[in-house]
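J.: Please model the entire structure based on the sequences and the hints provided.
Just so you know, the sequences run in chain order W and F. With the working numbering as the guide, the letters of the first sequence map in order to residues 30 to 320. With the working numbering as the guide, the letters of the second sequence map in order to residues 8 to 321.
Everything labelled a hint here was simulated from the structure, so no lab data went into it. Each hint should be verified, as a subset may be incorrect.
Computed footprint of chain F on chain W, listed as stretches where at least three residues anywhere in the stretch have a Cβ under 8 Å from a Cβ of chain F [as the list claims (entries may be wrong)]:
id: 1; stretch: 40-53
id: 2; stretch: 131-140
id: 3; stretch: 143-153
id: 4; stretch: 273-284
id: 5; stretch: 310-317
To list a few chain W residues with every Cβ distance to chain F over 10 Å, as calculated [claimed, not checked]:
id: 6; residue: PHE34
id: 7; residue: GLY91
id: 8; residue: ILE92
id: 9; residue: ASP93
id: 10; residue: LEU102
id: 11; residue: ARG123
id: 12; residue: ALA127
id: 13; residue: GLY168
id: 14; residue: ARG201
id: 15; residue: ARG222
id: 16; residue: ARG225
id: 17; residue: ILE245
id: 18; residue: VAL252
Interface residues of chain W toward chain F, partial, derived using beta-carbon atoms under 10 Å [to be verified]:
id: 19; residue: VAL68
id: 20; residue: ILE70
id: 21; residue: VAL115
id: 22; residue: GLU118
id: 23; residue: SER119
id: 24; residue: PHE120
id: 25; residue: GLU121
id: 26; residue: LEU128
id: 27; residue: SER195
id: 28; residue: PHE198
id: 29; residue: SER251
id: 30; residue: GLY294
C-beta atoms are modelled at their ideal positions from N, C-alpha and C, and glycine is treated no differently.
Listed below are the residues making up each chain.
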Amino acid sequence: MGLSFDLLINAVIAGILLGGFYAAVTIGVSISFGILDIVNIAHPAFIILGSYIAYIVNTRVGIDPIVISILMLPVFYFLGAGIYQVYYESFERRGQEALRGLSFFFGLLFVTEVMLILVFGVDYRYVEAPYIGPSWRLGVMDFPLRMLVPCVAALALFGALELFLSYTFVGRAISAVAQDQLALRLMGASPIRIKRIAFGISIATAAVAGALLIIIQPVEPSVGREYIGRVFAICVLGGLGSLPGTVIAAMLLGIIESFTATFYGPSWAPAVAFGVLLLTLAFRPAGLLGR
Amino acid sequence: MRTRVFLLISIAVAVVVFFGARMVNNDYVFFAGYTVLQFIVLATAWNILGGYTGYVNFGSAAFFALGAYATVFLHKFYPLPIPLLIVIGGVVSGIVGFGMGYLTLRLRGAFFAIATLALAVVLQTLVVNWDYVGGSRGAYIIRPNEIAVIGPYVQYLFLLMLALVVIALTVARGIERSQLGYGFATIRDDELAAEASGVPTLRLKLVATTISGALMGMAGAPFPYYIGYLQPSSAFGLEYAVNSIAMPMIGGTTSWVGPLIGAVLLGSLQQIATVTISSAVNLLIVGLLLVAFVIIAPNGIIGLVQGWTRGRAK
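T.: Set out below in structure tokens:
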């Protein structure tokens with residue numbers, strides 16, 4: 030009995046740590062899909078791009094992947110702002126975001142993946158950092174640093190964004206975009222500019238999520254596809270656009286996946302997120318903390 | 008033109024294509040041609056939902072693979088004739104399409120799109136963990152070399168796919184000109200207004216998902232016989248999802264001609280690119296074309312041609 034209790038408690042810990050990381054992966058989509066109503070299914074592709082940049086700089090220069098990702102934030106921000114501009118001009122302004130906008134992001138997802146395959150091949154890549162490998166022990170509890178560091182970094186990212194969204198003018202304007210664009214205009218803020226900034230931020234978070242991903246597991250270009258379902262499952266389950274909801278949903282999914290992997294085998298894990306997504310859509314589309 | 012006349016004409020064209028291909032007397036023509044025909048069916052099926060009602064299905068590969076795996080499953084019991092397998096594949100995929108639609112179509116369109124992405128991964132995980140149909144190792148299907156009357160087996164498969172193309176195009180064109188098609192168009196243009204004027208939008212969307220899913224399953228059913236060795240990664244390949252979106256988008260989504268043009272152009276281009284360059288590069292080309300077309304030519308090649316002829320008339 031003692032052994033299975035150990036197994037149980039470690040499955041919960043692994044799930045929570047995994048969930049923290051999932052939260053970082055989802056935050057970008059929570060902003061773009063949840064707040065801005067832009068169905069950016071290409072988000073996981075940008076995360077993988079972040080992973081590869083972390084991989085290149087880490088193997089060439091040897092800087093810590095998380096530091097690299099922070100240095101990459103402005104680059105990803107401008108990439109995101111640029112993509113939003115194209116999206117706005119081509120689809121949103123003409124009211125064609127449903128069919129063509131979705132296909133546009135699907136095309137981006139696909140092109141990014143194939144380009145990475147052409148440049149780097151389908152080999153798994155990984156990074157080096159002092160915290161990959163050792164783990165902390167607390168009695169029977171096991172905290173692998175490889176999971177703990179990304180979880181802490183993810184929660185820090187969340188805290189920073191939550192503060193930004195609640196206490197700055199731009200941050201509050203971003204929340205307002207979802208609620209009342211006319212009121213926002215009357216406050217002297219252009220909704221398009223605010224959305225561009227917000228989308229830039231959402232893509233910038235992919236740089237961090239990508240670095241965390243490659244710390245947790247080796248990465249190859251098609252890994253991103255597994256995350257599409259996870260990301261949207263968490264986003265919908267958390268109640269679109271709610272940051273605290275996203276963290277709770279991410280932890281929940283992390284724990285469910287960790288249990289599935291421990292008791293049924295890891296090959297079933299990808300189906301869990303999708304099952305959760307389908308069930309949520311069918312029975313509680315507003316999510317746990319829905320508006 | 009009446010639907011019956013259209014059917015007769017397309018059968019005539021199909022017969023010409025088949026005997027034309029036989030005149031070349033090269034098995035490769037049938038192998039490559041089968042793939043192009045398969046894409047015509049997939050693109051047309053996708054367009055019945057995507058182009059006519061405006062709901063994006065990213066899970067074409069899932070419906071296709073369902074048809075293919077239904078065949079593998081039944082093949083283990085007793086090797087049935089392929090036309091029967093096509094019908095079964097269609098029924099299975101149609102039912103799954105209906106179920107998916109029922110769960111998600113009452114919500115916003117984006118949720119349906121995301122759920123279809125999800126469906127592909129769930130089904131792939133199921134198949135990978137299901138040893139009876141081969142699991143992750145894949146399943147062999149040994150096909151006969153020859154068949155009575157027609158001769159080489161690949162020609163028989165080609166002929167079946169040609170028949171499916173005729174069926175798919177006739178269905179698509181029939182829908183376009185029927186009350187059903189007008190109902191679909193109202194959903195695409197303004198679903199709220201349609202709902203308010205009494206159009207049974209949910210029922211129509213379910214009809215579209217079911218037909219579209221069934222046709223994709225029918226396209227997948229003969230696939231194990233064509234490829235001989237079916238792996239989950241080849242049946243659920245991303246290229247099916249991408250191509251069945253890219254082809255209608257590039258050809259034009261508003262009429263049955265668009266997916267046909269898109270599939271013939273892109274399908275042939277890919278057959279050439281796969282042989283001459285590499286299959287990764289040809290997928291890149293498809294992706295880039297898709298992005299370029301949705302930005303620059305929102306109504307596809309048909310839209311470009313229409314704009315051009317209208318410009319000349321002025």
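J.: With reference to the structure, classify each hint as holding or not holding.
T.: Checked hints:
| no. | hint | in the structure |
| --- | --- | --- |
| 1 | 40-53 | violated (count 0) |
| 2 | 131-140 | holds (count 8) |
| 3 | 143-153 | holds (count 4) |
| 4 | 273-284 | violated (count 0) |
| 5 | 310-317 | holds (count 3) |
| 6 | PHE34 | holds, 28 Å |
| 7 | GLY91 | holds, 31 Å |
| 8 | ILE92 | holds, 31 Å |
| 9 | ASP93 | holds, 32 Å |
| 10 | LEU102 | holds, 25 Å |
| 11 | ARG123 | violated, 8 Å |
| 12 | ALA127 | violated, 5 Å |
| 13 | GLY168 | holds, 35 Å |
| 14 | ARG201 | holds, 25 Å |
| 15 | ARG222 | holds, 21 Å |
| 16 | ARG225 | holds, 17 Å |
| 17 | ILE245 | holds, 19 Å |
| 18 | VAL252 | holds, 13 Å |
| 19 | VAL68 | holds, 4 Å |
| 20 | ILE70 | holds, 7 Å |
| 21 | VAL115 | holds, 7 Å |
| 22 | GLU118 | holds, 9 Å |
| 23 | SER119 | holds, 5 Å |
| 24 | PHE120 | holds, 8 Å |
| 25 | GLU121 | violated, 12 Å |
| 26 | LEU128 | holds, 5 Å |
| 27 | SER195 | violated, 26 Å |
| 28 | PHE198 | violated, 29 Å |
| 29 | SER251 | holds, 8 Å |
| 30 | GLY294 | holds, 8 Å |
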